[in-house]
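So the chains spell out like this:
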Amino acid sequence: MVGRNTDLHFILITAIAIGLLLTLTSHSFQIHPTFAQQLSQIKVAFVTDGKFSDEGWGATGYNATQKLKSKYGIQLATADSIAIPDIESTLRGYADSGYNLIIAQGFQWGDPSVKVAADYPDVKFVIMTGTVSSRPNVASIFPMQQQGSFLLGALAAMMSKTGIIGFVGGQEYPNVINIEEGYKQGGKYINPNIKVLTSYVGEWNNPAKGKEIALTQINSGADFLLHVADTSGHGVIDAAQQKGVYAFGAVADQNRLAPNTVLTSFVLDMDKAYDQVFKQVQQGNFQAGISKPGLELQKGGSQDGIVYLASFHSLDSKVTPDVKNRLKQITYDIINGKIRVPERGTATS
Amino acid sequence: MVDLVFTVSIIASGIRLSTPVIFAALGETIVERSGVVNLGIEGMMLMGAFGGFIGTFFTGSIFVGLLFAISGPIMMAILMAFLSVNLRTNQLVAGLAIWLLGTGLTALLYRLIFGVATISPKINEISPIGLPILSQIPVIGSILFSYDPIVYLAFLLVPLVHIFLFKTNLGLKIRTVGENPRQADASGVNVYRIRYLALIIGGALAGLGGSCFTLVSTGSFLENITAGQGWIALAMVIFGRWKPFYAVIGALIFGMVDSFQIGLQSIGTAIPTQFLLMLPYILPIIIMAGTYKRSYAPAALAVPYRRGER
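As you go down the protein sequences, you meet chains D and W in turn. Just so you know, we're using numbering that gives the first Met the number 0 here: the first sequence kicks off at 0 and counts up by one. Just so you know, we're using numbering that gives the first Met the number 0 here: the second sequence kicks off at 0 and counts up by one.
It is worth saying that the hints were derived from the structure and are not from the lab. These numbers come from a predicted model, not from an experiment. Heads up, some of the hints might be wrong.
Partial pick of chain D residues on the chain W-facing surface, computed with a CB cut under 10 Å [claimed, not checked]:
1) Ile10
2) Gly165
3) Tyr199
4) Gly201
5) Glu202
6) Arg255
7) Leu256
8) Pro258
Beta carbons are placed, not taken as given, at the ideal position from N, Cα and C, and that holds for glycine.
Bound conformation, chain D alone (with noise of 0.2 Å):
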């Protein structure tokens, strides 16, 4: 009877670590791509860690790929909610059912595709925020987001009461540390003793803990919250609202989530950024390598970059008209090369 117990509990705790550990990392969630249709040559596959509901990060680039399916009537399959370990699988599905241009957002999906490039030279592989170049059909992107939360930082500072602001990232990849370190400089730019609080939720799909980091930065006296996170940001945002402080939105226009509370948000134009990549495979010029595109003034901007700030919405009245002529004045100094970022997280492979 002894024995019988204690074999119980055994099987009982390795089943409750088990499933700690399977739920620490998230379930994927997969749309498989419909066949036979050949609408065009090419094939273009969308493929992510974030939500397409997440109204940022996922959103985003969905969005994005939608644009190139109405513009250049193309084939498209999309997934969002990858996990780390479907990755190489979901990358091999989609290059065995002929498609040919697979873009792939989010570092993680760097590694994995360079292995699966290998296998299919016919194949490009594009990865957003990705660190890799090693292949000829392996291209990245890895915006200088710093350049972006270069901007915000210096805008918290300017209009910071506390001279405390926040950062809640969601996992300490390179860019994220590049957005982390942007801030900071861009903080000290305008107040050098000004303090950045910043912390990790270690998650990207947990608003709830989201939301209790912010509260505690807030309660610590932070009076802006940018956030990196997708959806555990959600809840940063949430926060701020509650405790009436700004937050900045991530990779997309996040007003609408708070149209009181976020003054304005760092947005990744990736419409701009995948209709390059597209046009590339088009045309038979397609780029291998790292790109490493900055600030644009705006959405579709003339400039290279990719990056810019969304616009104050609502909260317009709120930014005094010398806090946005020093905003803009850094923005071309940082366009110009004045200022310079440095990343932290560099993209090498």
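Please arrange chain W on chain D, whose structure you already have, making use of the hints.
Just chain W now, kept in the frame of chain D:
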């Protein structure tokens, strides 16, 4: 003064973070006291989170939301009871199936209802209510004594569950069924019915715990939003030696460690973030390993009962 506010806000944050685990652990304590292990608790919490969201989204009423939040998990509990009590399947396997069912079903239903939308639908979450007098204390009062009503409900339930299990006739029946179902049967207790009841209560409490995520914290539903809290709750039941008060202490420790590491991160420390983020999860495993030797488990835990068999 800032330090005091900081400390107090960490405590308050810990209490909020532990609330879902408290609900689920209380429910699971009752379930396991009746001799059933419900590993599906994580799935039930997800269903509760989903139900709470859907109910509130379509009716605009938090009350209907709460009703939905407990009804889904109750149905799953009945399924679990049918599998483990009537069919006498292995409870661990049945529980894992329930967990996967909850994970898959909530994701599927959410996509069926809302499609692949690039805007996530939102509801107005419950707003915090200050405790009378206490929340008037300057500086710390509004932080330490102001929570969402569902948090108060969790703490109110702790003594109630204790009284239910140890001071009522029904509680005695549940415990007897968990210790010695044959004896209970012989003295006229319907073992099946008691286990069904315990699972239904456990399911309802897991659902309430899950609803914290959608109704209180975020106002929106995401796949896998409960993020492993159900498993933490299971660990806390073992840590609590199948006693409600101890299980709640475990849940509070979990929440406090989590909020502590959040606080530590935000003030800046040399300890790597990854290590800090691991703390609240590694702790239950250490605690379980430490309390493993002297278990106080109900004797008939995870043993299917068959009437008239010797």
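Hint-by-hint comparison with the structure:
1. Ile10: holds (6 Å)
2. Gly165: This interface hint holds because 7 Å falls under the 10 Å limit.
3. Tyr199: holds (5 Å)
4. Gly201: holds (4 Å)
5. Glu202: holds (7 Å)
6. Arg255: With a minimum Cβ separation of about 8 Å from chain W (threshold 10 Å), the hint on Arg255 (chain D) holds.
7. Leu256: holds (8 Å)
8. Pro258: With a minimum Cβ separation of about 13 Å from chain W (threshold 10 Å), the hint on Pro258 (chain D) is violated.
Hint violations for this structure: number 8 only, all remaining hints satisfied.
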